[in-house]
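Number of protein chains: 2
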Amino acid sequence: MQIVHYVEELRGIISEAKKQGKSIGFVPTMGYLHEGHLSLARRARGENGLVVMSIFVNPLQFGVNEDYEDYPRDLSRDAPMAEAAGVDVLFCPGVADMYPRGYATFVEVEEITAVLCGASRPGHFRGVTTVVAKLFGLVQPDRAYFGQKDAQQLRVIEKMVEDLNMPVEIVPCPTVRELDGLAMSSRNAYLSPREREAALVLNRSLRRAEEAIRAGERDANRIREQVAAMIREEPLAEIDYVSVNDGVTLREIERIGDRVMVALAVRIGMTRLIDNLQMNLGGEG
Amino acid sequence: MQIVHYVEELRGIISEAKKQGKSIGFVPTMGYLHEGHLSLARRARGENGLVVMSIFVNPLQFGVNEDYEDYPRDLSRDAPMAEAAGVDVLFCPGVADMYPRGYATFVEVEEITAVLCGASRPGHFRGVTTVVAKLFGLVQPDRAYFGQKDAQQLRVIEKMVEDLNMPVEIVPCPTVRELDGLAMSSRNAYLSPREREAALVLNRSLRRAEEAIRAGERDANRIREQVAAMIREEPLAEIDYVSVNDGVTLREIERIGDRVMVALAVRIGMTRLIDNLQMNLGGEG
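Chains as they are written, first to last, in our numbering: chain F, 6 to 290; chain V, 6 to 290.
No lab work stands behind these hints: they were computed from the structure. Among the hints, a few may not be true.
Which copy? The list can't say, so a pair holds if one copy fits it or any two copies do.
Stated by the list, open to error - Here are the simulated lysine to any residue pairs, SDA-like style, with alpha carbons at most 20 angstroms apart:
#	residue 1	residue 2
1	Lys154	Glu21
2	Lys27	Pro98
3	Lys24	Asn170
4	Lys27	Met189
5	Lys23	Glu174
6	Lys23	Arg223
7	Lys27	Leu196
8	Lys154	Thr180
9	Lys23	Asp147
10	Lys154	Tyr76
11	Lys154	Leu211
12	Lys23	Val173
13	Lys24	Pro127
14	Lys27	Asp147
15	Lys27	Gly17
Work out the full structure, taking the sequences as your base and the hints as a guide.
What follows is the structure in structure tokens.
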């Protein structure tokens with residue numbers, strides 16, 4: 006595995022791979038890898054000639070009072086994990102190489118970025134789409150792999166790719182969970198043991214919603230209320246949002262139709278965690 | 006030459022060309038071709054395996070009171086001209102194919118879009134960068150050709166490509182002029198014979214500025230005043246801006262250094278025309 010720190014070096018590698026006709030699979034990350042990231046890399050390995058993973062904690066997608074400074078960074082821990090998962094090129098650029106002095110170009114997806122995490126984190130998705138557009142320009146991937154845990158991010162990226170006619174296939178991959186159900190996230194490292202226990206309420210309330218919907222509940226408000234009530238029972242948890250939306254436009258719904266997303270953002274102590282449930286009920290409901 | 010009306014059809018052609026290892030040269034236009042456009046196509050022909058020209062009058066880059074509806078369109082006139090200039094694929098998409106219902110993604114270059122034409126045409130460059138990003142996504146060109154007549158547009162596109170790490174080389178090409186010096190523009194078709202005569206004041210004032218700078222004038226305000234005074238002598242002309250800027254950031258300068266751009270936007274009757282002069286004085290001044 007090659008570790009590449011500079012944009013120009015990466016360009017050379019990509020250009021060579023293109024010349025050789027290799028397909029390129031790309032896994033963008035902010036590092037501090039966990040099994041979720043590695044599942045993306047393994048899938049990319051199976052489907053492409055060259056697998057590129059980026060590790061870049063993107064300052065543009067953090068708000069002023071968010072955890073940009075504290076976000077965990079450990080390349081010596083991440084590199085062997087990436088290599089074992091089949092990554093060929095680990096791209097770890099510096100901030101000054103990605104956003105040099107005078108940087109002035111931004112990519113913005115409107116509408117679906119105004120709700121959910123976009124409502125609580127103004128500018129967040131503009132940072133995400135800008136850096137992903139840059140990384141796509143650099144890596145020129147045939148396929149890019151994103152986890153469904155960040156469901157809104159995935160929809161926003163899909164929308165950007167569709168709208169800007171970007172020549173890349175976005176491959177959504179299932180959320181990977183700890184044995185007890187907690188969705189894997191680099192931010193789980195922030196949790197104290199008590200908070201780690203409290204964080205289980207996200208998955209637990211989603212499983213309760215899933216059961217209710219499977220049992221025939223179609224009133225979205227009843228689902229919202231059940232989920233919110235369960236989270237409120239956990240003293241360390243504070244709800245940012247509980248959304249029952251259509252899973253595509255991410256607009257809140259009243260009645261659950263063929264497709265539904267239940268999405269949560271919850272603060273556990275100082276740590277903001279997200280999780281979601283997506284169901285296709287076509288033919289069932 | 007193939008004439009292609011649909012995004013999906015173009016995708017197939019590009020994908021095939023890429024498989025064959027052909028380099029792709031791209032000339033984006035709004036049609037109503039003139040010798041300026043054709044010079045770009047001929048240059049692209051000489052440097053690439055496949056030459057794609059687009060003709061798309063992009064609604065996103067027109068303001069509400071601008072000439073989107075009136076902009077001249079004539080594919081039966083343009084197609085043979087494009088073919089004779091060496092174009093292989095003429096891409097003429099419809100608005101609904103480029104901006105389908107629910108379209109929501111925009112590319113924006115800040116700072117250098119706030120001055121000159123950006124100041125008089127709010128949203129114009131956002132429309133330009135968005136459509137060019139889309140066309141680059143579709144055509145995946147190795148090289149894209151732009152005329153220096155639209156000097157700010159060229160700088161904005163170069164900035165977008167640099168900032169977003171787009172894998173395309175931007176090739177600036179010299180302004181092509183009529184025998185009497187008027188810069189070629191599709192909008193020249195709007196001019197009455199008297200206006201056509203009056204429009205010569207743009208080039209005449211730029212040539213005067215060039216002479217003055219060559220003769221050693223380094224006071225940018227004197228140049229601005231001389232150019233503006235000459236334009237004001239023409240009764241049909243109304244100045245939008247006279248800029249003496251550094252040619253890179255497009256900021257107004259006081260003293261002329263190694264590099265200078267004199268840029269004009271002038272209304273001749275109802276028709277807004279632009280022109281510019283770019284000089285490299287390194288070693289001279």
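request  = Compare the structure with the hints numbered earlier in the document and write down the numbers of the violated ones, lowest to highest.
outcome  = Numbers 1, 2, 4, 6, 7, 13, in rising order.
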